[in-house]
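Chemist: Start from the sequences, fold in the hints, and give me the full structure.
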Amino acid sequence: MTAKTLPQQLARVAIYAVLLLAAAFFLAPLYVMLATSFKDADEIRQGNLLSLPGSLNFDAWRAAWSEACTGTDCRGLKPFFWNSVLMVVPAVLISTLWGALNGYVLSLWKFKGSELLFGLMLFGVFMPFQVVLLPMSQILGWLGISSSVGGLILVHCLAGLAGTTLFFRNYYAAIPKELVNAARIDGAGFWRIFFRIIVPLSTPIVMVTLIWQFTNIWNDFLFGVAFSGADSKPITVGLNNMVNTTSSVKAYNVDMAAAVIAGLPTMLIYVLAGQYFVKGLTAGAVKG
Amino acid sequence: MSRTFETVLPKLVIAPAFVLGFAFIYGLMIWNSVLSMTASRMLPNYETFVGPEQYAKLWEMDRWWLALKNLGVFSVLYVGGSLALGMALAIVLDQKVRAEGTLRTIYLYPMALSFIVTGTAWKWMLNPSLGLEKLMHDLGWSSFTFDWLVQGDTAIYCVVIAGIWQSAGFAMALFLAGLRGIDDSLIKAAQIDGASLPLIYWRVILPILRPVVFSTLMVLSHLSIKSFDLVMALTGGGPGFSTDVPATFMYVMSFTRGQIGLGAASATMMLATVAAIVVPYLYSELRSKPHDR
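If you're matching them up, the sequences are chains F and V in order. Residue -16 is where the first sequence starts when you use this note's numbering, and the numbers rise one by one after that. Residue 17 is where the second sequence starts when you use this note's numbering, and the numbers rise one by one after that.
Simulated from the structure, these hints should not be mistaken for laboratory data. Everything numeric in this text was worked out from a predicted model, so none of it was measured. Here a beta-carbon is modelled for each residue, glycine too, at the ideal position from N, C-alpha and C. It is possible that some hints are incorrect.
[Claimed, not checked] Only some residues are given here: those of chain F computed to face chain V with a beta carbon under 10 Å: (1) ARG(-5); (2) TYR(-1); (3) VAL1; (4) MET16; (5) PRO36; (6) SER38; (7) LEU39; (8) GLY82; (9) LEU84; (10) LEU105; (11) PHE109; (12) GLY172; (13) TRP201.
[To be verified] Simulated crosslink set (DSBU-like; lysine-lysine; CA at most 35 Å straight-line): (14) LYS262(F) with LYS204(V); (15) LYS233(F) with LYS242(V); (16) LYS262(F) with LYS27(V); (17) LYS93(F) with LYS27(V); (18) LYS233(F) with LYS85(V); (19) LYS27(V) with LYS(-13)(F); (20) LYS112(V) with LYS(-13)(F); (21) LYS27(V) with LYS160(F); (22) LYS95(F) with LYS27(V); (23) LYS242(V) with LYS262(F); (24) LYS242(V) with LYS61(F); (25) LYS262(F) with LYS112(V); (26) LYS93(F) with LYS242(V).
Modeler: Structure (structure tokens):
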């Protein structure tokens, strides 16, 4: 390495200063949430956003999980959390499996018109879901699953269909055609090629899609608020209602603990499998 | 298995996706526009066909115009701010720095969180009594006031701040990937010609990144038109309805005000806006790919 001149060294210092400042900006809300959640009401009133809590006080967390009131219902976030789990697990599994099958057909078993149909389906990735809210709530009523977790699962599978199909189709399109052709000559059929050749190659894209769908569906608010009933509200709706419940004293520590609880599952996945999440984000932006 | 069955099998497998997918996307689109031409109030009522009356009513409402104005302000600042901050971060991160992975993870984590979660946090930080204002007072800046969140004409800027904070990392990730795809020899050649680093970025690198910037712009623009959660969590459309955007307008009209026809009309307007931006983009993306398989 050659010795750096003074201007070069100054430039390095400036670069790191900018990077650290930006990191502080992005981390500040997370720090404030965590710090506030461990404070009691007095500490919140006397301290400020950045002051540290006096001790690791889990009262607000306990309240947020199982005691805090939303209207007259004082069961905390717990029921909403489990509603979200019940909704997210089947919805993610079904939409991922469905997307894999569709992507397999659209990349390796193309037929006349399949590209055009796929192109028309892509609009589903971008459409504002406001247009489906009113008709869909009527359909869910006719099917007898309005205000239920089942109804939300159905909506999330349909809403995620275009995206999961796109992910798998683009991934499978990069599989060497010779591999599949050779298997075909050996007499392997549609399912045999899928299970013997395609599925074993699919681990990365399955991870990307599972994480993408999990994050989207766990974080969804629009469908949750429009289609859920008293016993099926997902956690985003539960959190929003709890925070906006009008009470004489605002318990900011409980609000922050509740927000952290609601964000914890997707944060954990982001920390553990971030590279798949980033791949999903970029794949969602760069199409075709 | 017979040969004929093998040829229809792929079509059978994909059929449910096309049938249900198109019913969901295009069927419900048409259904919604039918609803928007009825006088439906609390419940959908298809016998009260009124033609474009709901649209006329919509465009006469001050509240709708305010929602559009807010959307305009929010979109321009949110998209512009996210692109600018994202680009700045990507360029600085691309200077062969230490702990790049950790920094990238920090810049991008807000994207993993729900807008409801981050909106709740920002609402607490920006509240006038105990939030940022108190922090500044404690730090010795006693004349500092920050009450944007509770003032009707400034609350929308709070939504912008929270939105940029959430999305800048996303733009950064896309731009950084783009920067990594640029051949180093290009930069070296420009350096040998005596160009300064800022000039190289402005004249050489940014033009190469144009397609990535364009894709990011598309994604952020359509997200801004659909933005709903963040507004609901941060301001609930308030104070009053001063931070209403089309998405919250649609929700309130359809589900709390009992104005289903009007809500459907506003949803159609949102669809038209997104389509005007996205359809040309999708068309060009699909056209430009070689159909080699």
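Chemist: Now tell me if each hint is right for this structure.
Modeler: Tested hints:
Of the supplied interface hints, the one on ARG(-5)(F) holds, with its beta-carbon coming within about 8 Å of a beta-carbon of chain V, less than 10 Å. The interface hint given for TYR(-1)(F) is met, as the beta carbon of that residue sits about 7 Å from the closest beta carbon of chain V, less than 10 Å. Checking VAL1(F) against chain V: minimum C-beta separation of about 5 Å stays under 10 Å; hint holds. Restraint check, MET16(F) versus chain V: the minimum CB separation of about 5 Å is within 10 Å; hint holds.
A distance limit of 10 Å between C-beta atoms decides the matter here; for PRO36(F) the minimum to chain V is near 15 Å, and the interface restraint is violated. At about 20 Å, the closest approach between the beta carbon of SER38(F) and any beta carbon in chain V exceeds 10 Å, and the interface hint on this residue is violated. A hinted interface residue such as LEU39(F) counts as satisfied when its beta carbon comes closer than 10 Å to some beta carbon of chain V; here the least separation is about 20 Å, so the hint is violated. Interface hint at GLY82(F): satisfied, since its Cβ lies 8 Å from the closest Cβ of chain V, which is below the 10 Å cut-off.
The beta carbon of LEU84(F) is positioned within 10 Å of a beta carbon in chain V (closest approach about 6 Å), and the interface hint is therefore held. Hint status for LEU105(F): holds, given a least beta-carbon distance of 6 Å to chain V, under 10 Å. Because the smallest distance between the Cβ of PHE109(F) and any Cβ of chain V comes to about 4 Å, under 10 Å, the interface hint for this residue holds. Evaluation of the GLY172(F) hint against chain V yields a held restraint, the C-beta minimum of about 6 Å falling below 10 Å.
About 7 Å separates the beta-carbon of TRP201(F) from the nearest beta-carbon of chain V, less than 10 Å, and the hint is met. Pair hint LYS262(F) plus LYS204(V) holds up; C-alpha atoms about 29 Å apart against a cutoff of 35 Å. Taken as a hint, the LYS233(F) and LYS242(V) pair is honoured in the structure, with Cα atoms around 30 Å apart against an allowance of 35 Å. For a cut-off of 35 Å, the pair hint linking LYS262(F) to LYS27(V) stands: about 29 Å separates their Cα positions.
At most 35 Å may separate the alpha-carbon atoms for a hinted pair to count; LYS93(F) and LYS27(V) meet this at roughly 9 Å. As the CA atoms of LYS233(F) and LYS85(V) are separated by approximately 32 Å, the hinted pair is consistent with the 35 Å bound. For a cut-off of 35 Å, the pair hint linking LYS27(V) to LYS(-13)(F) is broken: about 64 Å separates their Cα positions. With a C-alpha separation of about 15 Å, the suggested pair LYS112(V) and LYS(-13)(F) falls inside the 35 Å cut-off, and the hint holds.
Distance hint between LYS27(V) and LYS160(F) is fulfilled; the C-alpha atoms sit about 19 Å from each other, no more than 35 Å. At roughly 11 Å between alpha-carbon atoms, LYS95(F) and LYS27(V) fall within 35 Å of each other, so this suggested pair holds. Taking the CA atoms of LYS242(V) and LYS262(F), the gap is about 23 Å. The hint holds against a cut of 35 Å. A threshold of 35 Å between alpha carbons decides the hint, and for LYS242(V) with LYS61(F) the separation of about 29 Å falls inside it, so the pair holds.
Straight-line distance between C-alpha atoms of LYS262(F) and LYS112(V) comes to about 22 Å, which keeps the hinted pair within the 35 Å bound. Pair hint LYS93(F) plus LYS242(V) holds up; C-alpha atoms about 33 Å apart against a cutoff of 35 Å.
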